[in-house]
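Make the complex out of the two chains shown on their own, each in a separate frame, by following the hints.
In the order they appear, the protein sequences are chains A and B.
Each residue of the first sequence is one higher than the one before, starting from 1 at the first, in this note's numbering.
Each residue of the second sequence is one higher than the one before, starting from 1 at the first, in this note's numbering.
Treat the hints as calculated values from the structure; they're not laboratory data.
Only a predicted model underlies this, so the values are computations on that prediction, with no experimental measurement involved.
Please note that a few of the clues may not be correct.
[What the hints assert, rightly or not] With a straight-line cut-off of 20 angstroms between C-alpha atoms, the simulated PhoX-like cross-links for lysine-lysine are:
#, chain 1, residue 1, chain 2, residue 2
1, A, K390, A, K110
2, B, K4, A, K396
3, A, K396, B, K116
4, A, K299, A, K255
5, A, K172, A, K386
6, A, K386, A, K110
7, A, K234, A, K396
8, A, K229, A, K436
9, A, K111, A, K234
10, B, K72, B, K4
11, A, K234, A, K436
12, A, K292, B, K4
13, A, K229, A, K110
14, B, K4, A, K234
15, B, K4, A, K436
16, A, K436, B, K116
17, A, K111, A, K396
18, B, K76, A, K396
19, A, K251, A, K111
20, A, K229, B, K76
21, A, K255, A, K291
22, A, K295, A, K255
23, A, K396, A, K229
24, B, K72, A, K229
25, B, K76, A, K172
26, A, K436, B, K76
[Stated by the list, open to error] Label pairs and their in silico Cβ distance ranges:
#, chain 1, residue 1, chain 2, residue 2, range
27, B, K76, A, V205, 32 to 42 angstroms
28, A, I483, B, Y75, 43 to 53 angstroms
29, B, K76, A, D204, 33 to 43 angstroms
30, B, L139, A, G197, 49 to 59 angstroms
31, A, T474, B, Y7, 38 to 48 angstroms
32, B, L73, A, P395, 15 to 25 angstroms
33, B, V83, A, P297, 50 to 60 angstroms
34, B, V83, A, L21, 36 to 46 angstroms
35, A, K111, B, D145, 55 to 65 angstroms
36, A, G197, B, T94, 48 to 58 angstroms
37, A, K111, B, I99, 52 to 62 angstroms
38, A, M495, B, I99, 56 to 66 angstroms
39, B, E113, A, T3, 51 to 61 angstroms
40, B, I99, A, E233, 25 to 35 angstroms
Cβ atoms here follow ideal geometry from the backbone N, Cα and C, with glycine treated the same way.
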Amino acid sequence: MSTLDYLFQGFQTALIWYNILFAFVGVLIGTAVGVLPGIGPMSGVALLIPVTASITGGLPPEHAATSAIILLAGVYYGAMYGGSTTSILLNTPGESSSVVTTLDGYQMAKKGRAGSALSIAAIGSFVAGIITLVALIALAKPLSAVALKFGPAEYFSLMLLGLGAVSGLAGKSVTKALIMTIFGLLLGTIGIDNVSGIARFTFDVPWLYQGIEFLTIAVGLFAVGEVFKTILEKEEEDTEIARINNLLPSKAELKESAGPIARGSLLGFFVGILPGAGATLASFFSYILEKKISKTPSKFGTGTIAGVAAPESANNAASGGAMIPLLTLGIPGSGTTAILMGALMMYNVQPGPLLFEDHPQVAWGLIASMFIGNIMLLILNLPLVKVFAKIIQTPKQFLIPMIIAISIFGVYAVQVSTYDLLLLLGCGLLGYFLSKNDYPIAPLVLGLVLGPMVENNLRRALTISNGDFSVFLTRPISLVFLIITVLWLLIPFMMKRRGKDVIINIEG
Amino acid sequence: MELKFDYIASVLFLAVGVLFIIGSRSLGSSSYGSAVGPDIFPLILGSALVLLSIRLFYETFVTKNQQGTKEKLQYKPFLIIFVATLVYILTLETIGYVITTFLFLFVCFQTMERSKVILSLLISACFSGLVYFLYVEVLKGTLPDWPIWFQ
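Just chain B, same shape as in the assembly (with noise of 0.2 angstroms):
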């Protein structure tokens, strides 16, 4: 498995160090007054980059395949927070900040344990409530206000 990602990761920087070289070559060369420009800095980085990946690549070649211990992961609780997330952070503008925050703790809550239900719903509304009580009206910082239906 590590072998495999270090294979993956090494073939993705090189990608990202050519990328850069490619693209640092179509800026300008020097700025006024110097004779160094932006791309220089850039290049040099991607260059190095490319080198390490190609020495990285090598290794995870040489190195044995290692018997690592398989741990069990939990695959379900973990799609199901990150999706959340995604829509969370998707909807925060549209829907606003108390809302969602409140929908994303509780369904989060209840992923990670499927118990207290009552508490959960408390303590997702303290947080959303307070959150936004406390920044919005104390701080008078901006957060996605409730949405047009709602007021």
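This is chain A alone, in the form it adopts within the complex (with noise of 0.2 angstroms):
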């Protein structure tokens, strides 16, 4: 079958009722994500897992996992919509990839062009949705193909360097990053060992067994330890929401800004490719990149419409992006993608090459209600985006309680267990210290979900080559991603040693 019909199929699947339902929750809890600060859209998928698990729990299991993950992913690209408002319309970004939108947003809302910032903004981040949607189909095939040629040894090489990338990037001590990375890792490997049936770090306790849960790590780490910083942190803003006068643009103003939407899409669809480097950095790189190539660069931070256009576009294609290392090779480069993959395999969906063969449903039905996700948002985001501004009032007396009530009752559904509960209040606990101290979260959570697999791979390479561990050095492509590993992690510190700044990622 070629890849049309796929698609095709795709389609007759995101289009049963109820998955458009749920690609429209989806994106209408995403964008209500983007727009709360405080929740972001790792945060608000590792909520919503427990949600739907328990939602699609009628429905056979392949059926199940595809709506389940219709409507997570709409939440992360639903986020990328939603957190341009707040930066246009209140100078603070709901999330961290909007943080460059302010520079120009927040102007342009001051001088009551408010509407057109917002309206372009959804437009751009439209288009950008669309043309990595087409990217994403065009190189799933190929991808995967080569992807099935590898063996274990360089899976294992190319789970390394995914593992190096986003602790690479990922906060402001390498060492911070990769010691949450290994801990991750090393938290992956308590329970049963898949291979030899051998109870590893258990100390005979029974809940130990089937392994630590991601679920409670990733919302104890992102959503209470989020909560907990807020309480502690309280502080007393002001907020004065500037007026929507007209929604949309003009001509010129459309056409100023089709340059820097196509730019912005294309630059955020590679980096979002990149493992490691994500919406954050995408928005951040396209907005350097529309300054130096501007004939009046000098415009830039006083509203000018291409400052909202290029980042709000590439952030956006940048989601679309971190989709295909996951689908097609099985690797999350974000913490988010992470989250998403540790939801299919609750699915005992496996992301990778296989994919596509083993449940056709999943990968392309996820694909078309992309495409469907999209329009919904443009069509949402446009009329609707003055009772989005109005999410940002809900008092935080109580959308806080109400956060950790539904954490409590997502992980308590799934895993029925109060030592899961205590393990989740414990792991509030810990996020809030470890981000408060630049100890970065989404490497660890990536450990936890890459670790066994991570390790099947090295053990598999390694008994295929009798325990001789040059197998991962003779291989080519193996020791390709290790020589890519390497540098990652050497560049950046030789660049700090050298007292340049490094761009980092916050977000995961």
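The following block contains the structure:
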């Protein structure tokens, strides 16, 4: 069957009434998550996994996985749309990938052009979303065909590359990021060993036999940790929202932003594919690029429309691009995609090159639903932006305790164990202290999700080579991956030595 | 403050690394039909963690003490909410979902801000009731039931 046939089938899946509903709910919640400062896409997706798991419980397994991932992915790219709203109206980015948008977006709002800034952001995000999807469809088959030729040694090195890249970009200190990665990998070894059947590090506690549940850790570290931070560092803020006048951009504005949108989409897409570099970096780079090639660079920062169009397209394109390594290679390049991968694995669907063969319904259904979701977002965001802007005013008094309650409900619904709830609370505390002291959390979750696969491939490779470690260096592709990993970790380090500022990725 | 935390963290991570090394030594070193066993991966990771935590300790030692901006932390509401969450978790299975969730939410709402008592009561009741109804009655999931003396 050709790619188009698969895509057609994907649309058949995505257009089932409940999948449309799931996509709609996903992008709606995603936009809300993007608008609300304090909940990022990571905690949003993590919080919703248990909820979707219980809603999809009645469906057959493959359908359930498809519907769940449609909703969760909707939250992910929906958050990229929503993040711009607060950046423009309030000068506070809803999540880190919209930080750059504040520079010109808020200035535009001050000048009474909030409406056109918002609509250009939505249009840019939409165009970027569609461009990325087309690229995703074109690249999915060839990439997974290449990945199918990989043996365990190549896979092991590729995963090391993924982990190394995320650690290298994930915070102020590479040492701390690496510690978090390894800590996550170690947590992943707890439980019954898949190969030998031996219980490892369980201390005869039955609760530990099935391993530490990634969901509990992710919700605890991200959502609960974030909530604790908000409570502890309570700040009085004056929320003065800029007025929105005319929503439709003028023809001149559309013309002016066409170039930035196209460049932002392409740049964002390629940055998104790279492991470790996510939406935040993409928006940042595209803003710099626009400023460099602009004829009037001095206009940037004073409210030029290109300064809104480019980063907003880029962060959306990056979130689409990040789906490529996840779906085709089975290697998430960021915290949020790691959580998406964990969600898929909860449904026994293993992302990776075989995904398109074993579960075409899941893979193509998701891709098709992203088309639909992006159209929904465009329709939702243009007229309803005023409604979303209202969400910012949700009083924290009610929001914060409810997030804790939803976390507890979610973890209990899936795990049905008080121990997991205690672990959740502990992780919340840990998450607060870790992120306060610049220990990035995304690598830990990534390590926890990838751990068992890294180990399996390591052991399979070593079994084939009879315990000879040189197998990773003698196979050329594996060697290339390892060299890139080392360079990725060393170059920022060397640059820091020379006193250069290294751009880091705050979001995962 | 930050330096102090980094010292403690590096020592703790060092301890974790050492414990994992010791723990993996007691596992079998090979499994059937393979030269590599379940111990190799945690052993490598544990050693890497030990090396990295030593490096972190060194880095913390070298870095000069930076004066961070001190911010006021709201310890009181945090402690109340933390204890409330702990009590909520521990009593969830004995007293049941609806009652504990209602009380937990109400306490937290009022801790966050001492106002809007009636609205807080209303939201807590709606949230706990709705979640229980939707999850248990509509979706047929399991949540801790009402306590026996209440039924």
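Going through the hints against the structure:
no., hint, result
1, A:K390 with A:K110, "holds (18 angstroms)"
2, B:K4 with A:K396, "violated (32 angstroms)"
3, A:K396 with B:K116, "holds (13 angstroms)"
4, A:K299 with A:K255, "holds (17 angstroms)"
5, A:K172 with A:K386, "violated (37 angstroms)"
6, A:K386 with A:K110, "holds (16 angstroms)"
7, A:K234 with A:K396, "holds (10 angstroms)"
8, A:K229 with A:K436, "holds (8 angstroms)"
9, A:K111 with A:K234, "violated (31 angstroms)"
10, B:K72 with B:K4, "holds (18 angstroms)"
11, A:K234 with A:K436, "holds (14 angstroms)"
12, A:K292 with B:K4, "violated (42 angstroms)"
13, A:K229 with A:K110, "violated (30 angstroms)"
14, B:K4 with A:K234, "violated (24 angstroms)"
15, B:K4 with A:K436, "holds (13 angstroms)"
16, A:K436 with B:K116, "violated (32 angstroms)"
17, A:K111 with A:K396, "violated (29 angstroms)"
18, B:K76 with A:K396, "holds (17 angstroms)"
19, A:K251 with A:K111, "holds (18 angstroms)"
20, A:K229 with B:K76, "holds (13 angstroms)"
21, A:K255 with A:K291, "holds (17 angstroms)"
22, A:K295 with A:K255, "holds (15 angstroms)"
23, A:K396 with A:K229, "holds (13 angstroms)"
24, B:K72 with A:K229, "holds (12 angstroms)"
25, B:K76 with A:K172, "violated (31 angstroms)"
26, A:K436 with B:K76, "holds (19 angstroms)"
27, B:K76 with A:V205: 32 to 42 angstroms, "holds (35 angstroms)"
28, A:I483 with B:Y75: 43 to 53 angstroms, "holds (49 angstroms)"
29, B:K76 with A:D204: 33 to 43 angstroms, "holds (40 angstroms)"
30, B:L139 with A:G197: 49 to 59 angstroms, "violated (35 angstroms)"
31, A:T474 with B:Y7: 38 to 48 angstroms, "holds (42 angstroms)"
32, B:L73 with A:P395: 15 to 25 angstroms, "holds (21 angstroms)"
33, B:V83 with A:P297: 50 to 60 angstroms, "holds (54 angstroms)"
34, B:V83 with A:L21: 36 to 46 angstroms, "holds (40 angstroms)"
35, A:K111 with B:D145: 55 to 65 angstroms, "holds (59 angstroms)"
36, A:G197 with B:T94: 48 to 58 angstroms, "violated (36 angstroms)"
37, A:K111 with B:I99: 52 to 62 angstroms, "holds (53 angstroms)"
38, A:M495 with B:I99: 56 to 66 angstroms, "holds (57 angstroms)"
39, B:E113 with A:T3: 51 to 61 angstroms, "holds (55 angstroms)"
40, B:I99 with A:E233: 25 to 35 angstroms, "holds (32 angstroms)"
Of the numbered hints stated above, those contradicted by the structure are hints 2, 5, 9, 12, 13, 14, 16, 17, 25, 30, 36, listed in ascending order.
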